[in-house]
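Asker: Sequences are here, hints too, so could you generate the full structure?
Here the numbering used here = 1-based position in the sequence shown + 2.
I should point out that these hints are in silico values taken from the structure, not numbers from a laboratory.
Note that this is a predicted model, so its numbers are computed, not measured.
C-beta atoms are modelled at their ideal positions from N, C-alpha and C, and glycine is treated no differently.
Worth double-checking, as some hints may not be accurate.
Claimed, not checked - List of simulated lysine to any residue pairs, SDA-like, C-alpha gap at most 20 Å: (1) K48 - K124; (2) K232 - D260; (3) K40 - I181; (4) K240 - K301; (5) K259 - K40; (6) K100 - P138; (7) K40 - I197; (8) K124 - F200; (9) K301 - G318; (10) K238 - T119; (11) K48 - S154.
To be verified - Here are the computed distance ranges between Cβ atoms for each label pair: (12) R244 - S284: 14 to 24 Å; (13) Q192 - G68: 23 to 33 Å; (14) E69 - G271: 51 to 61 Å; (15) T273 - S120: 25 to 35 Å; (16) N252 - E126: 35 to 45 Å; (17) E261 - A151: 16 to 26 Å; (18) A178 - S120: 41 to 51 Å; (19) G234 - K193: 31 to 41 Å; (20) G122 - S284: 27 to 37 Å; (21) A178 - G258: 54 to 64 Å; (22) V321 - T135: 52 to 62 Å.
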Amino acid sequence: MKKGRILGVLLAAAMAFGGVTGAVGTRSVKADGSSNYKFDKQYLLKAGDSGTAKSPAEIFSFGNNGEAELYKVQHTKFHTLNDKEISGTEYASDVMEKHIPRTITIGNASFEEGQATSQGTKKEVTITSVDATNYPSAGYYFYKFQETAGDSAGVTYNTDPYYIRVAVAYNSVTKALEINNVTMFNNAWQKVQGIDNFYSAGKLTVQKIVTGNMANSDDTFDVKVTFTPKAGKKLKSKIAGRIIDTNLGNVTITDGKDEQTATFKVKAGTTVVFTNIPEGVSYKVEETWAKGYDKPAYKVNTQEGTKEVTKEGSEGTIVGGNTDEAIITNNKGTLIDTGVFMNNLPYLLVLIFAAACGVGFVVSKKRR
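Answerer: Here is the structure:
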């Protein structure tokens with residue numbers, strides 16, 4: 003028996019005892035003879051209110067245009083089982099000329115809007131290995147890949163390196179090579195069954211306070227809130243806004259991936275609640291200066307400022323699972339003069355004289 007076949011038998015025995023338990027998934031043979039394996043992709047809500055946080059639709063893709071590249075080989079006919087691993091960073095450069103398949107294909111996972119939940123939604127990603135007869139001998143063939151980082155605000159992408167090990171064994175009955183199992187490892191070389199991704203969102207409340215002895219509690223004010231994602235990110239989530247006081251109408255939010263703007267009216271005591279704001283998104287609260295009132299004063303998460311000092315008082319950045327608070331105060335008042343007006347002086351003198359007469363009458367009566 004040739005040396006390659008001996009190694010294949012030994013490797014198959016080792017796989018039978020230890021390799022099969024690490025298989026990624028159930029194999030199904032396609033018509034063209036290649037084999038499909040699957041790993042789990044899970045989309046979870048990491049932080050946020052499960053009742054209002056709604057993740058954007060997302061397609062997670064992997065590798066270089068859907069391909070994992072050969073990283074290293076082990077236990078092949080090119081070296082004995084006791085040899086050190088042959089490795090390289092580009093197509094296992096030490097064995098590039100050995101006619102080893104350089105890539106295997108990895109599919110993608112597509113999720114609909116709102117499928118990132120606290121329990122998680124799972125999809126299967128297909129690994130398509132080349133036919134076993136394309137390998138030069140039995141052995142372990144490792145392929146490296148990474149998840150492609152997307153640009154959705156609030157979504158955490160897993161860009162750590164992962165490795166797929168294709169275990170090729172020699173079948174002593176059929177006298178042919180076959181794929182025994184396919185196993186996935188993380189960057190710490192621990193066996194894993196899947197890759198997780200997360201979505202995080204927060205809230206913002208805008209409150210209106212009106213002060214001053216000349217203010218009217220029914221006066222309305224126009225407010226605008228601008229939501230902006232981080233550089234390189236896109237706003238793909240649908241931010242929702244609701245006014246507690248239904249008599250003031252609805253919140254109008256313009257759609258946009260680079261910016262979303264909400265406009266609405268408020269009056270004394272009004273609270274507006276914004277939900278499903280992706281983590282990392284910045285916001286700016288601005289109110290149109292109302293005639294007769296002082297310039298609006300802002301307070302966001304205890305930071306105060308006027309309209310000219312917006313960075314201190316009317317801006318903030320959303321943290322997943324948290325609720326930011328913005329308070330807008332409008333004041334309209336004047337100092338009421340409590341002094342004596344000259345046109346009332348005659349009446350005041352009459353009152354003083356009447357009071358003096360009354361006192362004199364009481365004193366006189368008491369003496370008698």
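Asker: Identify every previously stated hint that the structure contradicts and give their numbers, smallest first.
Answerer: 4, 5
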